[in-house]
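2 protein chains.
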Amino acid sequence: MGIIVQKFGGTSVGSVERILHVAQRVIQEKNAGHDVVVVVSAMGKSTDQLVDLANQISSKPSKREMDMLLTTGEQVTISLLSMALAEKGYEATSFTGWQAGVETEASHGNARILNIQTENVKTELSKGKIVVVAGFQGVSEDGQITTLGRGGSDTTAVALAAALKAEKCDIYTDVTGVYTTDPRCVKSARKLESISYDEMLELANLGAGVLHPRAVEFAKNYQVALEVRSSMENERGTLIEEESSMEQNLVVRGIAFEDQVTRVSVLGLPNELTTLSTIFTTLATNGVNVDIIIQNTTSDLKTSISFSVKTNALEDTISILEQHKSILQFDKIESESQLAKVSIVGSGMVSNPGVAAEMFDVLANEGIQVKMVSTSEIKVSTVVDQVHMVDAVNALHDAFELSKEVASV
Amino acid sequence: MGIIVQKFGGTSVGSVERILHVAQRVIQEKNAGHDVVVVVSAMGKSTDQLVDLANQISSKPSKREMDMLLTTGEQVTISLLSMALAEKGYEATSFTGWQAGVETEASHGNARILNIQTENVKTELSKGKIVVVAGFQGVSEDGQITTLGRGGSDTTAVALAAALKAEKCDIYTDVTGVYTTDPRCVKSARKLESISYDEMLELANLGAGVLHPRAVEFAKNYQVALEVRSSMENERGTLIEEESSMEQNLVVRGIAFEDQVTRVSVLGLPNELTTLSTIFTTLATNGVNVDIIIQNTTSDLKTSISFSVKTNALEDTISILEQHKSILQFDKIESESQLAKVSIVGSGMVSNPGVAAEMFDVLANEGIQVKMVSTSEIKVSTVVDQVHMVDAVNALHDAFELSKEVASV
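Residue numbers (numbering that gives the first Met the number 0), protein chains in the order written: chain A, 0 to 408; chain B, 0 to 408.
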C-alpha cells in the first residue's frame with residue numbers, strides 16, 4: 000500500500016485527550032499497512048491566544064513577527080502528537096514547515112507554496128516511521144518563516160500528498176463532510192457523497208469553510224483524491240474527485256455564503272487601458288485579496304470601479320489606495336460594509352442559462368436586494384445585506400430542492 | 000561604539016508588561032549608540048507549562064520531541080519583543096536559533112554550541128536594526144532543532160557576543176548581581192563588585208544558579224566581558240573579568256550549593272586500566288552528566304566507583320549502566336538520594352592549603368557528616384545530607400567572614 004496523508008484541524012487536536020484520540024486514528028491507517036504522513040494545526044484556541052498576546056503589545060504587529068509567533072502553535076502540536084504516537088508504541092518524527100521542505104514565496108501572512116523538498120519526509124517513512132508535519136507554515140528561499148494564511152494546513156496536507164504521490168489525502172474536521180449548505184443555518188442541509196474539484200473549489204472559495212480553496216486547487220491540479228470526514232465519528236465523509244458521476248445532472252449542488260463582506264468603490268478614475276490592471280496589481284502586490292469586481296464607465300474620460308473585500312481588509316485597502324493616489328489618480332473612495340455574499344454552485348449550470356435568473360427571482364420574492372453579481376460557468380454569486388444572508392440561503396436551498404436525495408433537473 | 004549583547008531570562012520577560020519594560024532597556028543601549036543584539040528566554044512559566052503538557056501525554060517523552068516542543072517558548076518571546084520594539088519606533092528582527100546560525104552538536108536536550116554563523120545577524124545590524132535572538136536553542140548539522148539545556152540562553156548570549164566580537168555581554172536577571180552565597184538562605188550574603196572567570200566558573204558549576212557554567216567558560220575562552228545585573232533595578236551588577244584585582248587576596252570568595260544530588264555506587268567492577276574510562280564514556284555518550292567521582296579499590300581484582308549525579312538523572316543512569324552490564328561487568332549498583340553539595344570557591348585557595356581542613360572543621364563542629372569530597376585549585380566541594388545544606392552554608396559563610404566588605408586572610 001502507498002502513502003496516505005491525514006490532516007487534523009485545530010478542534011481535532013484541541014486538548015491532550017483529543018491528541019491521544021487523533022493518535023489512534025493515525026495508528027488505524029498505519030496498521031492497515033499505509034505509510035502515514037500527518038499534518039496538524041495549532042491546538043484549538045492557541046492561535047487566538049497568541050494573536051491576543053500580540054495585540055496587547057501592538058495594534059498592528061508586523062506580518063513577519065506574526066508568522067514567527069503563530070508558527071509556534073503547530074510546532075507544539077507536532078511534538079505532542081509524536082509523543083502520543085511513541086507512547087502507544089509507534090515511532091514518529093515531527094517536522095516543522097522548514098524541516099518538511101515546505102518552500103513558499105517570500106511573503107508573510109499569506110504565502111503560497113512554491114515547492115516541497117520531500118527528502119526528509121521520505122527518509123523517515125522509509126525507516127517505517129510516522130511523519131508528523133506542522134501545517135500552515137513554510138520557509139522562504141532566504142530562510143524566513145512564513146505562513147500560508149488561515150486554513151493553510153489543508154494546503155500543506157494536499158501539497159504534501161501531491162509531492163509524495165500519496166494514494167489519498169483525508170481532511171479530518173469537526174463536520175462529517177461537505178453539505179449542500181451550512182447545516183447550522185439550514186436544517187434540511189444534506190451531506191454530499193461526492194463532489195467534483197471544480198464545484199468544491201467554488202464552494203471553498205465562496206466561504207463554505209470546510210476546505211481551504213488553495214487546497215482544492217492543488218488537489219485538482221495534481222489529481223489528489225480528497226476526503227473530508229469527521230475526526231470524532233467513524234463514518235465516510237465526502238469524496239472530492241474529478242467527476243462526481245452519481246449526481247452529475249444536478250444543476251445546483253450547494254449554497255455557500257459568507258458575512259463580513261465590504262464593497263469598496265473607487266470613483267473618478269481615468270478611463271485608460273491600464274487603469275484596471277494598475278489598481279488590482281497594486282492591491283495584489285500589497286497582499287489584499289479582492290473578490291467580485293465591477294466596472295462602471297460613466298463617461299469617456301472617467302470610470303469607476305467597485306470591488307468586494309473581507310471587511311477586515313478594508314483599512315489596508317484604503318491605506319494602500321491612498322498611498323498610490325498619485326499614480327491611480329482617482330477622485331475618491333467609498334465603502335459599504337455589513338454585506339454578505341450568497342452563492343449557488345453546480346457543474347450542471349453551464350448548460351442551464353436560466354439558473355441565475357431563477358436565483359434573482361427567489362431573492363426578489365424574499366424582498367432581498369442584490370447589490371453585486373458575479374458569475375462563472377458553475378456558480379452565481381450575489382452580494383446582499385448581511386441581515387438577509389440566512390434568509391437568502393434558506394430560500395435558495397428550498398427553491399433548488401437541495402434537501403432531496405436526488406434532485407430533479 | 001560596538002556591539003552589545005543583552006540577555007533577559009524568563010522572569011524578565013514573564014508578561015506583556017515585562018516585555019515592554021525589557022524593550023525600554025534595549026532602547027537605552029540603542030540610543031547610547033550601540034548595535035544591540037538581545038537574547039531572550041521563554042516567558043516565565045511557559046516552559047513549565049509545555050513540560051506539563053508533554054507529561055500528560057508521556058512519562059518519558061523523546062528528547063528530540065521535547066526540544067521541538069520547548070523551543071516554541073523562546074520563539075514566542077522573540078516575536079513579542081520585536082513587536083514591542085517596533086511599537087516604540089525601533090526596527091527589530093527576530094531570529095530563531097537556526098536563523099541566527101547557532102550550530103550545535105547533534106544531540107538533544109543538552110547540546111553544545113559548535114559554531115555561530117553570524118551573517119544573518121550582521122546583515123540586520125548593518126541595516127540599523129535591533130536583532131532579537133531566541134536563546135537556549137540551535138540546529139544540528141542535519142537540520143534537527145536542538146536545545147542547550149537549562150540556562151542555555153546565557154550560553155547563547157555569550158557565544159553570540161564572542162562570535163560578533165561584542166564590546167560586552169550583559170546578563171539581566173532577577174537578582175542584582177553575584178553574591179557571596181544565596182541571599183535567600185544567608186541573610187548576610189553580600190554582592191560582589193567583580194569576580195574572576197575561574198571563580199565564577201566554579202560558582203556556576205556548583206549551582207549558584209546566576210549564570211550557566213558553559214556561558215562562563217565561553218566568556219573566559221573568548222575573553223568576553225560579562226556583567227550580571229538586575230532587569231528591574233537600574234544599578235551596576237557584578238563584573239566578571241579575567242582578574243578581579245580589588246579583592247584578589249581573598250581566600251574564599253563565595254559559597255555555592257545545590258540540592259537534588261544523588262550518589263551512585265557501582266560495586267564489584269573488574270580492576271582494569273580501562274574500567275574508569277569505559278564506565279564514564281558510556282555515561283557521557285548517553286548524555287548523563289557526572290559530577291564528583293571517587294574510586295575505591297577493594298582488592299587487586301575488584302574495584303568500586305562512586306559518583307554523584309542530579310537526582311533526576313538517576314533513572315537514566317541506572318538504566319544505561321544495566322544496558323551495558325555485559326561490557327562493564329559490575330556486581331551491583333547502589334544509590335543514595337536526598338543529598339546536597341556545598342562548596343567554597345576562591346582563587347586565593349591555591350596558596351592556602353589549610354582551607355579544606357578549615358571547611359571540614361566547620362562542618363564537623365555543626366555535626367554535619369561529609370559523604371563525598373572533591374577539590375580543585377580554587378574550590379572545595381562536599382556532599383552532605385540535604386537536610387543540613389542550609390546550616391552548612393550559613394556556618395561556612397560566617398566562618399570565612401564573607402559578609403565583611405574586605406575580608407582578611
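No lab work stands behind these hints, which were simulated from the structure alone. Check the hints yourself; a few may be wrong.
Identical copies look the same in the list; a pair holds intra-copy or inter-copy alike.
What the hints assert, rightly or not - Simulated pairs of lysine to any residue, SDA-like, Cα-Cα distance not exceeding 20 angstroms:
| id | residue 1 | residue 2 |
| --- | --- | --- |
| 1 | K62 | K87 |
| 2 | K44 | Q55 |
| 3 | K29 | S325 |
| 4 | K29 | K167 |
Hint compliance check: list the failing hint numbers for this structure, sorted ascending. Of the numbered hints, just 3 does not hold.
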